[in-house]
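Q: Listed here are the chains, written in short residue letters.
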Amino acid sequence: GAVVSQHPSRVICKSGTSVKIECRSLDFQATTMFWYRQFPKQSLMLMATSNEGSKATYEQGVEKDKFLINHASLTLSTLTVTSAHPEDSSFYICSAKEGGRWETQYFGPGTRLLVL
Amino acid sequence: AQSVTQLGSHVSVSEGALVLLRCNYSSSVPPYLFWYVQYPNQGLQLLLKYTSAATLVKGINGFEAEFKKSETSFHLTKPSAHMSDAAEYFCAVSDPDSGGSNYKLTFGKGTLLTVNP
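As given, the protein sequences belong to chains Y and D, one line each in that order.
Quick note on my numbering: the first sequence kicks off at 1 and runs consecutively.
Quick note on my numbering: the second sequence kicks off at 1 and runs consecutively.
Just so you know, the hints here were simulated from the structure itself, not pulled from any lab data.
Watch out, some of these pointers could steer you wrong.
Said to hold, decoys possible - The calculated lysine to any residue pairs, modelled on SDA-like cross-linking and capped at a C-alpha distance of 20 Å, are: (1) Lys41/Y / Gly62/D; (2) Lys55/Y / Lys41/Y; (3) Lys104/D / Pro40/D; (4) Lys104/D / Gln42/Y; (5) Lys104/D / Gly53/Y.
Can you make the complete structure from the sequences, with help from the hints?
A: So, in structure tokens, the structure goes:
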């Protein structure tokens, strides 16, 4: 089946530093990838949608300059949290949609970010 | 705009008992509906999906869900709960016409299922 990986699974960083999270589709080409944020005991909130080779589309209230998304290939998207602060601490989950199979998103295992 | 309501943030059942997790949606067009399961500190795994074919959908791990348009519901059931079913369950709706071809998902707030021995 379709597998999506994320790296790292957990990261701790100091306030003010930047953190990059990778999302890879391992056995399919992902024309579209999504980035979600999940606070403890809450649902997933869509942050942005990225299509390979084009700029990401951000949801209302999500800062583009804060959360940089790059989808340079059909198997890799990256989310960079710039100048991270403690309030950015969260669980970040990516998902990928296989080209041609539009209705199903396959989710990565998530990345736990803790900003001290 | 589409939305999802999951009634009951926490459901507790005994092992072997029926599992019923409720999901109601609102959508201006016939929706596509999904149930996902999330184990602690993990991503989401697709349990099943409804995409306008058969209204009774069977998924993995013995789960099934029935799309009822008149009730705008898509409740998740399993006849007999196992300890391994303990997890967070999310209902999601996707409007086929939303966002062009991106088909964004809107999630419910989730229901935590605990299974008692």
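Q: All the hints need checking, so say for each whether the structure fits it.
A: Results for each hint:
For the proposed pair lysine 41/Y and glycine 62/D, the alpha carbon gap of about 25 Å is over 20 Å, so the pair is violated. Of the pairs offered as hints, the one joining lysine 55/Y and lysine 41/Y is violated, with about 31 Å between alpha carbons and a cut-off of 20 Å exceeded. The straight-line distance between the Cα atoms of lysine 104/D and proline 40/D is roughly 24 Å, outside the 20 Å bound, and the hint therefore fails. About 18 Å separates the Cα atoms of lysine 104/D and glutamine 42/Y, which keeps this hinted pair within 20 Å; it holds.
A threshold of 20 Å between alpha carbons decides the hint, and for lysine 104/D with glycine 53/Y the separation of about 19 Å falls inside it, so the pair holds.
Hints 1, 2 and 3 from the list above are not met by this structure, while the remaining hints are.
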